[in-house]
Amino acid sequence: MTHYSLLQLAAEALLPSRRGPAFEQSELKSRYDVVIVGGGGHGLATAYYLAAQHGITNVAVIERGWLGGGNTGRNTTIIRADYLMPGNVAFFGHALGMWPTLSRELNFNVMFSPRGYLDLAHSEGQLDHFKRRANVLALNGIGARMADLDELRELEPALSIGLEPPIPVLGGLVQDTAGTARHDAVAWGYARGARKLGVDIIQGCEVLGLEIENNHLRAVKTNRGVVRTDTAVVSVAGNSSRVADMAGVKLPIETYPVQAFVSEPLKPILHRVTNLNLGYAYAGQTDKGEIVMGGNAEPMAGYAQRGSPLRIAELTAKLVHIMPFLSRARLMRVWGGIADIATDGSAVVGPSPVAGLHFNAGWGYSGFKATPAAGWCMAHSLASGKTHPLIEPFGFERFSSGAFLDEGGAGPYPWLH
Amino acid sequence: MLIIPCPWCGERDESEFSYGGRAKLLPPLDASADAWQAALHVHENPDGWHEELWFHGFGCNQWLVIRRHTRTQEIAGGRAPGEAS
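The listed protein sequences derive, respectively, from chains A and B. The opening position of the first sequence corresponds to residue 1 in the working numbering, with each subsequent residue numbered one higher. The opening position of the second sequence corresponds to residue 418 in the working numbering, with each subsequent residue numbered one higher.
Treat the hints as calculated values from the structure; they're not laboratory data. It is possible that some hints are incorrect.
[As the list claims (entries may be wrong)] Subject to a maximum C-alpha distance of 25 Å in a straight line, what follows is the list of computed DMTMM-like cross-link-like pairs (lysine to aspartate or glutamate): (1) A:Lys-131 <-> A:Glu-164; (2) B:Lys-441 <-> A:Asp-406; (3) A:Lys-250 <-> A:Glu-124; (4) A:Lys-250 <-> B:Asp-447; (5) A:Lys-221 <-> B:Glu-461; (6) A:Lys-250 <-> B:Asp-464; (7) A:Lys-288 <-> A:Glu-154; (8) A:Lys-250 <-> B:Glu-461; (9) A:Lys-250 <-> A:Asp-150; (10) A:Lys-318 <-> B:Asp-430; (11) A:Lys-196 <-> A:Glu-392; (12) B:Lys-441 <-> A:Glu-397; (13) A:Lys-318 <-> B:Glu-431; (14) A:Lys-250 <-> A:Glu-206; (15) A:Lys-318 <-> A:Glu-124; (16) A:Lys-267 <-> A:Glu-397; (17) B:Lys-441 <-> A:Asp-245; (18) A:Lys-318 <-> B:Glu-433; (19) A:Lys-250 <-> B:Glu-468; (20) A:Lys-250 <-> B:Asp-451; (21) A:Lys-250 <-> A:Glu-213; (22) A:Lys-221 <-> B:Glu-433; (23) A:Lys-318 <-> A:Glu-151; (24) A:Lys-267 <-> A:Glu-407; (25) A:Lys-29 <-> A:Asp-230.
For reference, chain B alone in the conformation it holds in the complex (with noise of 0.2 Å):
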């Protein structure tokens, strides 16, 4: 079970939240069809440190960023999306 560090409520169990994919930026609207297919579709799908988006649906009711190793499963701090990492 994973813990996550909530920026607003601290360390949470992962069972507050759940899963919100990748932390990615999505190119403007009128970006080409290539770069919204690359957007969509494409991913580097690391094995290694990423950074991801998880709600805090039973919690604080807020969107936060985490880094996460996907294959050993260390989290190494969490920020509101927006922030600086």
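Isolated chain A, as found in the complex (with noise of 0.2 Å):
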């Protein structure tokens, strides 16, 4: 597999082309290790960490559609580390510390872009609440700091800042360390890096059903034949209950579609991604210059990988009153991912009742960022035997045992978040 390096660069553009797939796919083998089943972002950092921390290539990622072709593909790209609950912070401070470095460890620009993260706030509550928020992130050695009106409107000139109604903003919680990357690119680079490492990569492998025994994890029944295997990771965000269905698990998750749309390309005009805290409005602009919006989920459960036109309408008026530049853009594409929320909001990983079964769910709408240490974590976890501590918050048990992460303090409905 080709290195690359400016060097390589410069030779691509001397000689001949010789560029090919910068991985060949591979057959599926009759018996692995471990067995992830879903070859998104988490899936394939599952399986990377796997080859590179711990030596254990015998892996096989097996993927329905096509890599990175589910929430990985249809997120908004945002990395972000602003959590209030203790296994948030943690977890999301790592993950956020893992994405600068990820580039030169894959060997594949994932091109992120640490331009920054500003969340508004609207009311005095608000802001009291975003102070306790910087506070306990700058104990966790987790950067994120108060910005006052005048310093908002130095950082986004563009921003129609200010106390008048309807949309008054009073301050903002700023973390410079925050940022965007490419979601198709973490998908490839991971993939590629454990291909490089012997993982087997499937695509078109969709799981049929699953052979259990004595409540132990025997097999994966594909639609390209039985892989025996005795630990298996389920990574595949919304469909996560369909595979728990296969093994009689029922999960805390509920499916919610998300919705994002972009608007046509501007002149660089907004630098960081900006969230307006009423329920959630957010927006970046890419590096193409378009600008990508993103809200609430949809109210009401489901796998429609699309949502309802009233929440594009509500969203574009809350924005627009901040983002006067948007209101003559034109929306270029709409779309839709299915998110697994769970009840408290947080995400459910871990082992399941069946032995041997992990599963990796749960992520809601945080999942693109939490990427590399959800992969970390899960590769540490599956190789020791025993749960990284970064994700012992989120398993299964804290619903039976009353130790929710409930960040949005909703209470026991995911259609609250």
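Since each chain comes alone in its own frame, lean on the hints to assemble the complex.
If you want it as structure tokens, here you go:
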């Protein structure tokens, strides 16, 4: 496999191009040490770290569609770590720390761009909450700070920031280390890295059933044959409940579509990914100039990879008050991903009641930024047989023990999110 | 946009309603902790037909139950909560 470098690039430019696919598709073997269901960022990262950190290379990643074709390719590519609850603070802080060196680690440009994240407070209460969050983050060594109106105007001159109705802004939380990355490249980079170390990656391979004997996983049945394995990781986001059904496992998860949309390209105007703390309504500008916008999940559960135009109208109406330059921009594309949202809004990760069957689910709309750390921690847990401390708070047991990670303070209803 | 069949007002636009979650019965108050845990946190999460609650807040101010396909968004009828489906 080609090692990408400046020298290699120069050679490619000068010599007749011999460029082929970055890696070859593998054939499914009949036995693996670990089978990873789902070829999105999380599954591929898990495979990569299993091989790179723990020397476990007899691993298959099986994907029903194509790599990164699910939520990995449907999110708004934001990377931030501005959480309040202890488990989330530590985990996402660790994840944020992994992004800056990811391109070098994978020898693949994931285009991580630490352009910063800005969360706007619209009331005294929100401002107090933001200060508390900034303090918690500072105490945990994760950079974030408060900015007053003067500083906000300096940071983002194009925003309409002031105390006037209908949407007053009283201050903001700024995270300079946050940013965006190229979502597809994250999947491709991990896939290429894992393949280089001997991991088999099989696309167009759908799981049809699980063979379970005496509550132990024995095999995964696919449309390309039966694979014997004692360990499988299910990393399929919105379809987690479907695979869980095959094992008779019930998850504390409901699936909700989340919409995103993108404007025509504009000249550089919005520096940071900026969120209005009105429900959620955020926008960030891509390198191509498009403004990528997103907000809340659809209110009703479902598997449709699209949503209602009502949400688009609501969200753009909010954004236009703070970002008046959007008022005449046209939308180019609208799409949806299906997010697996747990009843307390946090991830559900770890071994399931069936021995050998692990889930990496419940990431909802926090999945993309979690990718490197989720893969890292899952690989550690599988290799050592002991749950990585960073994902311990995300275990299944918390729903019966009551140790919820309720970041939204919303209670046991995923649809309140 | 969904067109929701309200049993009192007929077919109305989704913007008049708010979602109230899956239509399911909660256990009695003296049920075991496990039963409550399951009722609050465990979801069938079907990829297909299911029943859900909506509230017609900008209409007749009534709760209703509709049957909706979670992938295709088709809706097959609405009824009053408590009525047989």
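Tell me the hint numbers this structure goes against, listed in increasing order.
3, 9, 11, 16, 22 and 24
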